[in-house]
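All chains, full assembly: derive it from the sequences and hints.
Next come the chains, spelled out residue by residue.
There are 2 protein chains.
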Amino acid sequence: MITEQDNRFIKRAIELSEKGMDSQAGGPFGAVVVKNGEIIAEGFNAVTSSNDPTAHAEVVAIRKACEKLGSFQLDDCIIYTSCEPCPMCLGAIYWARPKAVYYACTKEDAAEIGFDDHFIYDEIDKKIEDRNVKFINLDREEGRKVFKKWEEKEGRVDY
Amino acid sequence: MITEQDNRFIKRAIELSEKGMDSQAGGPFGAVVVKNGEIIAEGFNAVTSSNDPTAHAEVVAIRKACEKLGSFQLDDCIIYTSCEPCPMCLGAIYWARPKAVYYACTKEDAAEIGFDDHFIYDEIDKKIEDRNVKFINLDREEGRKVFKKWEEKEGRVDY
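Those sequence lines, one after another, are chains A and B. Per our numbering, the very first residue in the first sequence carries number 5; after that it's consecutive. Per our numbering, the very first residue in the second sequence carries number 5; after that it's consecutive.
What the hints contain is simulated information worked out from the structure, not anything from laboratory work. These figures come from a predicted structure and were not determined experimentally. Among the clues, some could well be false.
Pairs count within a copy or across copies, as identical chains cannot be separated in the list.
Unchecked claim - Distance condition first, Cα-Cα at most 16 Å in a straight line; then the derived EDC-like pairs of lysine to aspartate or glutamate: (1) K152 <-> E116; (2) K15 <-> E145; (3) K152 <-> E22; (4) K15 <-> E46; (5) K23 <-> E146; (6) K103 <-> E42; (7) K138 <-> D80; (8) K103 <-> E127.
Written out as structure tokens, the structure reads:
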């Protein structure tokens, strides 16, 4: 069931995609985070203007929303984004745990204008030793000693 | 071929994982970005202390390194991380395009101490309509109008 609110919020995400593009911030992508029927954070892609490859619209909006809520989770929040999230943003969404995501363009639409994240989806599925970027395992036992300390740590904050 | 430098840099990433944990910044994860044999940026997980679900060690280090280089790409850089990247960080790594990634702990080690990203890997592979978080397509045609404008935009910065 799509509501009048949903229509309004997805339109705002699309507006932001245009605003970011027109202001030379980055690619044509916008997103908003909504809680209790109100927008609590907005974002647009700012990769090229801020020299930050992680500044996708969803990541920007999630970071702002969490800052506003004083929480590292987006409990009961909904994300509206002008385009289906890339694997990085999808990961960010799962860590932030909103209750739903509305998106306008599909990843096929994005690929058509040169934003092809198909390569990344393919790479994620590969065995780590078969990836195009070389992944090399090193010093695992030293790393695990710190993990062991985490397990035994008193007063740790899980997430 | 593992070099003396590789051993040194992975040890630094592991040191940072412990430093972040001990200083209550977040989970036990550290990372460094190296260019021309020198560390240009360091990071550790700061999710819980900064209320930022995207503040994983790799994302923190990538953002700092790009800021330092004044570039949204990590050309000729190597990332050393104390643990195999989660899907979000993997996405960030592919967008940043370093030439290699060295990692100490595996994702199975991380799952053992409660950081299980298997769920996220599974979700990424699912069809969008089958995911646990609800994804709803809405207003695609409006979104595509902005994409069309991007295609026709003069002087746009591709990435």
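A quick look at each hint next to the structure:
no.: 1; hint: K152 <-> E116; in the structure: between (47 Å within a copy, 10 Å between copies)
no.: 2; hint: K15 <-> E145; in the structure: between (51 Å within a copy, 11 Å between copies)
no.: 3; hint: K152 <-> E22; in the structure: between (48 Å within a copy, 11 Å between copies)
no.: 4; hint: K15 <-> E46; in the structure: within (12 Å within a copy, 39 Å between copies)
no.: 5; hint: K23 <-> E146; in the structure: between (48 Å within a copy, 14 Å between copies)
no.: 6; hint: K103 <-> E42; in the structure: within (15 Å within a copy, 42 Å between copies)
no.: 7; hint: K138 <-> D80; in the structure: between (39 Å within a copy, 12 Å between copies)
no.: 8; hint: K103 <-> E127; in the structure: between (27 Å within a copy, 14 Å between copies)
In summary, the structure agrees with every hint in the numbered list given earlier.
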